[in-house]
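*Asks:* Sequence:
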Amino acid sequence: MKYPKLRWLEVGIRAPVTDNEASILVDTLVQMCGRGVLERDGWLYTYFEEPGDLSGFIEILRSRVSSAIGNEEIHLVTRWQANEDWSEKWKRGLGPKRITDTIVVRPSWVQFNPEPDDIVIVIDPGMAFGTAEHGTTRGSLRLLARALKVDDRILDVGSGSGILAIAAAALGASEAIAIEGDSPSFEALQKNVEENAVSSRINCVEEWADTQSLQAMGPVDGIVANIETGVLCSFLPTFRNALIEDGWLVLSGILSMEWPRFLENTKAEGFRCVEVDSDGEWTSGLFRSV
Numbered sequence: 020m021k022y023p024k025l026r027w028l029e030v031g032i033r034a035p036v037t038d039n040e041a042s043i044l045v046d047t048l049v050q051m052c053g054r055g056v057l058e059r060d061g062w063l064y065t066y067f068e069e070p071g072d073l074s075g076f077i078e079i080l081r082s083r084v085s086s087a088i089g090n091e092e093i094h095l096v097t098r099w100q101a102n103e104d105w106s107e108k109w110k111r112g113l114g115p116k117r118i119t120d121t122i123v124v125r126p127s128w129v130q131f132n133p134e135p136d137d138i139v140i141v142i143d144p145g146m147a148f149g150t151a152e153h154g155t156t157r158g159s160l161r162l163l164a165r166a167l168k169v170d171d172r173i174l175d176v177g178s179g180s181g182i183l184a185i186a187a188a189a190l191g192a193s194e195a196i197a198i199e200g201d202s203p204s205f206e207a208l209q210k211n212v213e214e215n216a217v218s219s220r221i222n223c224v225e226e227w228a229d230t231q232s233l234q235a236m237g238p239v240d241g242i243v244a245n246i247e248t249g250v251l252c253s254f255l256p257t258f259r260n261a262l263i264e265d266g267w268l269v270l271s272g273i274l275s276m277e278w279p280r281f282l283e284n285t286k287a288e289g290f291r292c293v294e295v296d297s298d299g300e301w302t303s304g305l306f307r308s309v
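Be aware that the sequence shown starts at 20, since it is given in our numbering, and climbs by one per residue.
The set of hints was computed from the structure by calculation and includes no laboratory data.
Just to be clear, a hint being listed does not mean it is correct.
Computed cross-link-like contacts, EDC-like style, restricted to lysine to aspartate or glutamate with a CA-CA straight-line distance of at most 16 Å [claimed, not checked]:
1) Lys116 with Glu92
2) Lys116 with Glu134
3) Lys168 with Asp265
4) Lys210 with Asp265
5) Lys116 with Asp298
6) Lys116 with Glu91
7) Lys210 with Glu225
8) Lys168 with Glu134
Please read all numbers here as calculations on a predicted model, not as lab measurements.
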């Protein structure tokens, strides 16, 4: 029998970092099993499953963070967070978000009266990344709506909550393969797919994406990937090989300050950017093969 977790360890970290170092810091926290990162008053907060050795865990966390950003001037605070409090924390402030003229994202606990042409996507993030609260998700949705054609077959790499795969199915994709290796995120993905009644057109795959698996799933008409910039760059050759000849690529998770260099990488791998979406400090792009 699987018992529910009674509490989570909330960790708050503050350090003098550049925007790029802040992105690295967030990635480090997520890699260490933080299930989401919140920014509040200059602090980054994330939540971990209760460790067996608290002091040892904090020592390892501090060491990993210091090494990642190259700075030992780190302020770290912890406190216990009841499991039910975590759920309520996600719910506070989340409401329906209109992303395009027709795409609306709402949590399941919020009612919404749609317009006749609205496509309403119901998302409960759980411990997964992927709500319309984040600029990378909004940018991905806007570009996806422009790129996808009815009956397209697509890959959603690092699917998180499944919001992009679900949107693709709602927009008319014949199949969306949603790839997610993080178990709590995969659970949220499956629940959201069922909630939106698109199980027949979304293939949920619980694994970490790699070159071999992505190429085996192709050829596809399009790929969406809202993940860390460095990972996107490493996957560019694989994306090209997994796409049909005139396929499209929606890439997000890129800080605007990283965009010029990222664009050079995409050109070197045989892609041309046909549309750019900027949302706050984040930039997303729609690409096609040259």
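*Asks:* Are the Cα atoms of Lys116 and Asp298 separated by 16 Å or less?
*Replies:* holds (14 Å)
*Asks:* Decide if the proposed pair is consistent with the structure: Lys116 and Glu91, CA atoms, cutoff 16 Å inclusive.
*Replies:* Not OK: Lys116 and Glu91 at ~39 Å, beyond 16 Å, violated.
*Asks:* Would you mind confirming whether the straight-line C-alpha gap from Lys168 to Glu134 stays at or under 16 Å?
*Replies:* Distance ~22 Å between Lys168 and Glu134 Cα, so the pair is violated.
*Asks:* For the pair we were handed, Lys116 and Glu134, check the Cα-Cα distance against 16 Å.
*Replies:* Roughly 13 Å between the alpha carbons, so the hint for Lys116 and Glu134 holds.
*Asks:* Does the structure keep Lys168 and Asp265 at a Cα separation of 16 Å or less?
*Replies:* Distance ~13 Å between Lys168 and Asp265 Cα, so the pair holds.
*Asks:* Does Glu92 sit within 16 Å of Lys116, going by the straight-line distance between their CA atoms?
*Replies:* violated (38 Å)
*Asks:* Is it true that the CA of Lys210 sits at most 16 Å from the CA of Asp265?
*Replies:* Roughly 33 Å between the alpha carbons, so the hint for Lys210 and Asp265 is violated.
*Asks:* Between the alpha carbons of Lys210 and Glu225, is the straight-line distance 16 Å or under?
*Replies:* holds (14 Å)
The structure fails to meet hints 1, 4, 6 and 8 from the earlier list, while all remaining hints are met.
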